[in-house]
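Protein chains: 2
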Amino acid sequence: MSEFQPKWLEQIPEENAFRSIFKWGAKEQFKNPSQGFFQVIKKGLNLSDEDFKALRDIGDTHVSTNVKPKMELKDIKKFESIVGIDNIFFDTYSRLKFSTGKSMEDILKLRESRIEDISDIVLHPRNKQEIKAIVSICHDQNFPIHVYGGGSSVTHGLDCPNGGVTLVLSTHINKLITFNETNQTITVEAGMMGPVYEGLLNNAPEKLNAKHKYTGGHFPQSFEFSSVGGWIVTLGSGQASSFYGDAYDLVISQEYITPTGSFKTQEFPATATGPKINDIMKGSEGCFGVLVAVTMKIFRYQPESAKPFAFMFPRFDDAITVAREISQSNFGMPAILRISDPEETDIAMNMYGLANGILDKFLSAKGHKPGDRCLLMGQTEGEPGFCKYLHKSIKKISKKKHGLYLTGYPMKKWRSGRFSDPYMRDALNDYGILIDTLETSVTWENLPGLYMQLREYIKKHPDIILMTHASHFYAQGTNLYFIFIVKSCPLDEYRTFQQSIIEKIVQNHGSLSHHHGVGRMMGPWMEDHIGTKQMDVLRSLKVHFDPHHIMNPGGLGL
Amino acid sequence: MSEFQPKWLEQIPEENAFRSIFKWGAKEQFKNPSQGFFQVIKKGLNLSDEDFKALRDIGDTHVSTNVKPKMELKDIKKFESIVGIDNIFFDTYSRLKFSTGKSMEDILKLRESRIEDISDIVLHPRNKQEIKAIVSICHDQNFPIHVYGGGSSVTHGLDCPNGGVTLVLSTHINKLITFNETNQTITVEAGMMGPVYEGLLNNAPEKLNAKHKYTGGHFPQSFEFSSVGGWIVTLGSGQASSFYGDAYDLVISQEYITPTGSFKTQEFPATATGPKINDIMKGSEGCFGVLVAVTMKIFRYQPESAKPFAFMFPRFDDAITVAREISQSNFGMPAILRISDPEETDIAMNMYGLANGILDKFLSAKGHKPGDRCLLMGQTEGEPGFCKYLHKSIKKISKKKHGLYLTGYPMKKWRSGRFSDPYMRDALNDYGILIDTLETSVTWENLPGLYMQLREYIKKHPDIILMTHASHFYAQGTNLYFIFIVKSCPLDEYRTFQQSIIEKIVQNHGSLSHHHGVGRMMGPWMEDHIGTKQMDVLRSLKVHFDPHHIMNPGGLGL
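Line order of the protein sequences matches chains A and B.
To convert, count from 1 in the first sequence and add 1; that's the numbering used here.
To convert, count from 1 in the second sequence and add 1; that's the numbering used here.
The set of hints was computed from the structure by calculation and includes no laboratory data.
One thing to keep in mind: the hints can contain errors.
Copies of the same chain look alike in the list, so a pair counts if it fits in one copy or across any two.
What the hints assert, rightly or not - For lysine-lysine, the following PhoX-like pairs were computed, each having C-alpha atoms within a straight-line distance of at most 20 Å:
(1) K54 / K32
(2) K129 / K534
(3) K534 / K265
(4) K534 / K133
(5) K400 / K265
(6) K129 / K43
(7) K212 / K402
(8) K133 / K32
Bound-form chain A, shown alone (with noise of 0.2 Å):
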């Protein structure tokens, strides 16, 4: 095996770039392929170590071209009045940034320094108070506003075609608001970021002054880079959902400012008081309103007795039964489950270092074969005795379908990357590789249909690698999540691609999103999606909410 590794680039970018747009995460943090994971690329991709010499668009040109704003200056004016002068801009790398998420065509696009769809103010508002000001001017205006919390949508949930105000949350609007032990939960301002959040929560005891540590059990992979306010309105899911319940069972009490009227949902444990406000809230993507405050449910933090598991099982299906006997066994569920379909589990196998290894060969000797066999892994958390007993039934149910224990090692190595990982997608992008995603929630029934459809129809693409795994479980079904690596092509002809599979998606039973949300990616399906009448619902709403049609428009495909 060659030793060549190709020149990844570990350069913080230039301030003004294109890039220090699209890099994923921290400016001084870069993660590469392993040498495993790199042989695996060459060898799915066709590719060879000449494809790695020369660096493509690596978007280091600065953010130079002015692009005017269509706002008059006598309205930028009446919004510098009322945020400050220290918290507008708008010049066009601000706008260009703020306007910005993290799909691959949003880094696509700015590879090649092309500047579409950018806002044409910035406000950084200090309140609620501002908040307000804002909306109304907007209002009687009619000035498009986009909210960005954290900036990780991959659904150009923050493209603004139409220019308009963007409202970043997460500069000020970032507050602690109360933290209430008796009830479990915290309330805090929308844009406070996930890391701070936790880090309240898992260090209660000193900065809360709380008797106990708590976590807020939600983890998506942007976890660092994501906000409260923005895990709520575009309902995301955590790594540990299936214990701790999605971004939409996490939210007791919203509060909005919409262009008719600001309010708060109330906190209660329970209701039977018609449909509830709370719950036509979540999800709207900032389409009705700007989600300012949330009180979310907390848990008991218990690292110390969280149990980690993994398990090499002969065949996809059989991982499949295992995961919902699991779901369905009303002993409780597993905070993190993840199962990897063969070609995941080989490319793990390489990228963990443990393929062609002692390991692989007892697993090929038992029978658990590369390009069948699966890897199925979690971790147990709360209580002690709770996570033990768990671990104990789940050992049991896999080693009845065959699976080998491999040790809480596998899961241990998914822990440590699962936050740095992304960063992995500059470094292939720098030589022409894209690695894209796209993810749907589908019940157990319509399981295997939708996954030999989609993987059948995507493998059809020359030279092309194909990861899916389930990592959220239900009684119900679960989600497929798609990753997906393919050489560099015109921004077009990717798209159309893209699309297909969405098409493939939906004709297999699939839902449109289980966690990324619909942002404008998603918008042209949904009516197909859930039918005329139920968009009908949600245009109504809209009107109500948003007469003027300024809130996010074109977001989930209103």
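Starting from the structure of chain A, add chain B where the hints point.
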């Protein structure tokens, strides 16, 4: 102690009598207060045996008045041509019967032979097409539509103040549609009654060709006389909700016929495709459209693993602290968990024949004295090992707070009477004693204040028994259920008293309902309770689905 017992009326009501409408449950079934309970009532209400010698208004007169329907014959004929002559009724008795719920006020009116707020015609549609045709005519001609499932509303949900049509769903719209063991769901028509539903599931191997037995996990006290659709549209909650969830949590998908169109929400385990129409329709109480079919989550049925428990605590706040600890401990929840306040505890001791016996002496000696001590009881359900560990954990927590273990006996006693206790209301009413309930949900933080304020207020009423319990638990709080027993009084006076209690609940941070729903009883409070801005959202949905305001007008306060 006097051995006197009143001559409780145990007669099957005559077919056409008012009594045949209001009598709870099966016409040939009766349950009378035990000697212990009878003594409690006499003492609490300051009554003597003399007061139980003569029956009051027992509602045995016949519904002989002929109240003419306001609807014209040609319109009645239209409906007849849809449902057929066997499924249309416009005699006064039928109209009264299906326009009446089971609130104390409903019963008092019928005992006084009052005929108010009845529909013009009663239809028993045979299928969805007929319902569509009926809704279409009503929409065109502005006839109100009221939907009747099991008829157990206690919130004036079935009154027809402007006449119109009552659609009875439980007669024909009550069939199994599909059972899906893979997805662990069942799809049934909305009018299927609780026992039929649970019977199918419990006997799934024989009746549905299933591998396992199942349960719906939903057991409201009205279980035997309520419909699956009714559970959803009123947001009901069953006695085992702490493990299985409220009706709200159990619905995967709903099919509606509304004046502006029909739709069925999709079946996915979870989605991130914007606000969920499935949520918007839950709790809509027939104000948006007619619920015709539902897909529900189901659970493995493992009655042999259920482990009952009961503890006596020195004081109410000890029991509450323990219930909160259980609910926040991250080891799963017992299916049933109930705390009786000191007054209810003392009455339970009397009802179960435990007062003044050895147990009573033992408890008192341990410092668990009548007037202070509180009964906490429940039952773990689910997978056997999970049940066992949870049971053990609950014991451990309870003992720390000086809970004395009473074995599973009180739970078993309660279980045996849980569906038959409502029969006692008729027996007491016959002697001029009213028994009624109001309920709310509240966060842990607001619980003590609400409880104390309400108790202080209600106990100002002369000669009143007030039993309070919490019976549905969440990490964030619980419900409070107030049962009060008073001497009969004029209806207006009674209504004023009841309304003042509702006021007090809301003032003290309780929700307007935890699981009875809104109906016309709570409707007038809705705007104040949730606020005008949120009520506006419900109003806008109302206009969207039902522009002519024909669907259950006045329900939900709309």
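Violations among the numbered hints, reported as their numbers in ascending order: 5, 6 and 8
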